[in-house]
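**Student:** One line per chain: the protein sequences are A and B, in this order. At position 94 of the first sequence (counting the first as 1) the number is 94 in this note's numbering, and the numbers step up by one without a gap. At position 55 of the second sequence (counting the first as 1) the number is 55 in this note's numbering, and the numbers step up by one without a gap.
What the hints contain is simulated information worked out from the structure, not anything from laboratory work. Careful, some of the hints might be misleading.
To be verified - Pairs of lysine-lysine residues, derived as DSS-like cross-links and limited to a Cα-Cα distance of at most 25 angstroms, are as follows: (1) A:K25 / B:K68; (2) B:K39 / A:K39; (3) A:K18 / B:K81; (4) B:K81 / A:K68; (5) B:K68 / B:K81; (6) A:K81 / A:K163; (7) A:K98 / B:K25; (8) B:K81 / A:K25; (9) B:K168 / A:K18; (10) B:K168 / A:K25; (11) B:K127 / A:K98.
Protein chains: 2
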Amino acid sequence: MADFNAQPLERLINNFQKLPGVGRKGATRMAYQVLSMDKAEAEEFANAIMAVHSQIHRCPVCQNFTEKEVCRICDSASRDKSVICIVESPRDITTFEKTREYKGTYHVLHGLISPLDGIGVDQLTVKELLARLSDDTVKEVIMATNPTVEGEATAMYLSRLIKPMDIKVTRLAYGLPVGSSLEFADEVTLFRALKGRTEI
Amino acid sequence: MADFNAQPLERLINNFQKLPGVGRKGATRMAYQVLSMDKAEAEEFANAIMAVHSQIHRCPVCQNFTEKEVCRICDSASRDKSVICIVESPRDITTFEKTREYKGTYHVLHGLISPLDGIGVDQLTVKELLARLSDDTVKEVIMATNPTVEGEATAMYLSRLIKPMDIKVTRLAYGLPVGSSLEFADEVTLFRALKGRTEI
């Protein structure tokens, strides 16, 4: 409504407001920060925005974003090609990689089945996943979708598709987060933690 | 440290991290958001960043940012040129304008005197301010710097410069913020509110 800023500033503020978690005040601070950058710095920023669009595409194997022909993980000889971890988004791969424990490959669905949002199997990369499973390389598929309604439904749907292909399908364990307190655990999590208890 | 994202994404994340209040996680979300924009939207964003640099400069009168030759406020016939409100930054003007009560003009210092940060009078727009006061147009100067140590010191310094020119120098009132509670007022604010009490 109130537009007391110079028009180019107002335009940049509107652009920053499109970003997740950025409101009018934050966007204004960001726009002023850009204004206070020197020209080379602002140019680098603008070019970086264009570069993600011109240089990044999906890896033809795992559908993760990459600037290479095939992504680093699919291209690596040291990764176990017999295990595929199925995730919702490329960001989840970053989270897994940080653990430095997982040595298999990934498959990015780019979404979850969500009829309410009009997202069905066709919008996800299920076809590409099934193509990867068609030869005998893959022995195990790990469902690593989020523990939400949509994540569960998608994992369930995919496991029904994949199990008949004689491939082991597993799901991430449910339980108490490390470092948390019993006091704050919800009943469903606690029930799952009890059910999934292991011998020590 | 851990770099599991495609390189162009990583580059954009680094650029977003330079913005105020944006950490690694927020920058990552923003970069993915840009990736999910269509190309025209990303281009508009990149161009908006360049535009603030190429199109915005300081108004030669009040030193506010503007894309016009002289800013809208200084150029407006309906603004009272005999009153100048001195503020630290262009953002403060937006705050004042939102009240829709002030009809005078502004002068942006672009900083406050702060010897610890190596900011002296020469880095501020004091010379330009004194030039504006040299003819007899201006009757009152309102000090609207922040109620901080630096803001106070700067207001004090400027008032000593301006008073001998036979111009009225005023300072924004201190007191309780509207809608606040006495309970949460600090002693200094309460003391100032008491000292500045007015008849009703």
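**Student:** Compare the structure with each hint and give your call.
**Tutor:** A quick look at each hint next to the structure:
no., hint, result
1, A:K25 / B:K68, "holds (24 angstroms)"
2, B:K39 / A:K39, "holds (23 angstroms)"
3, A:K18 / B:K81, "violated (38 angstroms)"
4, B:K81 / A:K68, "violated (61 angstroms)"
5, B:K68 / B:K81, "holds (19 angstroms)"
6, A:K81 / A:K163, "holds (18 angstroms)"
7, A:K98 / B:K25, "holds (14 angstroms)"
8, B:K81 / A:K25, "violated (30 angstroms)"
9, B:K168 / A:K18, "violated (45 angstroms)"
10, B:K168 / A:K25, "violated (34 angstroms)"
11, B:K127 / A:K98, "violated (54 angstroms)"
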